[in-house]
Amino acid sequence: MLEYLRIRDLALIEDMELEFGPGINALTGETGAGKSFILKAISFLLGDKLSVDMVRPG
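With our numbering, letter number 13 in the sequence shown gets 13, and the count goes up by one each step, no holes.
Please keep in mind that the hints were generated in silico from the structure rather than gathered at the bench.
Fair warning: this is a prediction, and the values are worked out from it, not measured in the lab.
Don't be surprised by glycine CBs; every beta carbon is placed ideally from N, CA and C.
Check each hint, because a few of them may be wrong.
Stated by the list, open to error - Just the calculated beta-carbon pair ranges, DEER-fashion: (1) GLU3 x GLY47: 17 to 23 Å; (2) GLY58 x GLY23: 36 to 42 Å; (3) MET1 x ASP53: 15 to 21 Å; (4) SER43 x ASP15: 15 to 21 Å; (5) ASP53 x ALA33: 29 to 35 Å; (6) LYS49 x ARG8: 29 to 35 Å; (7) ARG6 x VAL52: 16 to 22 Å; (8) GLY58 x MET1: 29 to 35 Å; (9) ALA26 x VAL52: 26 to 32 Å; (10) THR28 x TYR4: 15 to 21 Å; (11) PRO22 x MET54: 19 to 25 Å; (12) GLY58 x GLY21: 30 to 36 Å; (13) ALA33 x VAL55: 16 to 22 Å; (14) ASP48 x GLU19: 21 to 27 Å.
Using the sequences and the hints given, assemble the complete structure.
Structure representation (structure tokens):
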């Protein structure tokens, strides 16, 4: 089970830490808040390819 996720330098996310609780967790937020990027990061952890343009420069 995924309990903790830290994302750095992915798309518009500079540095983000998330803690997941037991059971069902929901990602909510306004348009452009970064929900899809969180899902992309989880997908990358599971072996999916990540596009080079998703990585922040620097």
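Tested hints:
1. A beta carbon spacing of about 19 Å between GLU3 and GLY47 agrees with the range 17 to 23 Å that was offered as a hint.
2. With their beta carbons about 37 Å apart, GLY58 and GLY23 fall inside the hinted range of 36 to 42 Å.
3. At roughly 31 Å, the beta carbons of MET1 and ASP53 sit outside the given window of 15 to 21 Å.
4. Hint check: SER43 to ASP15, Cβ distance near 19 Å, so the stated range 15 to 21 Å holds.
5. Look at ASP53 against ALA33: about 20 Å separates their beta carbons, and that is not inside 29 to 35 Å.
6. Here the CB-CB span from LYS49 to ARG8 is close to 19 Å, at odds with the stated 29 to 35 Å.
7. Restraint check, ARG6 to VAL52: a C-beta distance of roughly 21 Å satisfies the suggested window 16 to 22 Å.
8. Taking 29 to 35 Å as the suggested C-beta distance range, the pair GLY58 and MET1 conforms, at roughly 33 Å.
9. A hinted range of 26 to 32 Å for the beta carbons of ALA26 and VAL52 is consistent with their spacing of about 30 Å.
10. Our hint of 15 to 21 Å for THR28 and TYR4 holds, since their Cβ atoms are close to 19 Å apart.
11. In this structure the supplied range 19 to 25 Å is violated for PRO22 paired with MET54, their Cβ-Cβ distance being about 30 Å.
12. Roughly 33 Å separates the CB atoms of GLY58 and GLY21, a value that falls within the hinted 30 to 36 Å.
13. For the hinted restraint 16 to 22 Å between ALA33 and VAL55, the CB-CB distance of approximately 20 Å keeps it satisfied.
14. A hinted range of 21 to 27 Å holds for the C-beta pair ASP48 and GLU19, which are about 23 Å apart.
Going down the numbered hints, you'll see the structure goes against 3, 5, 6, 11, while the others check out.
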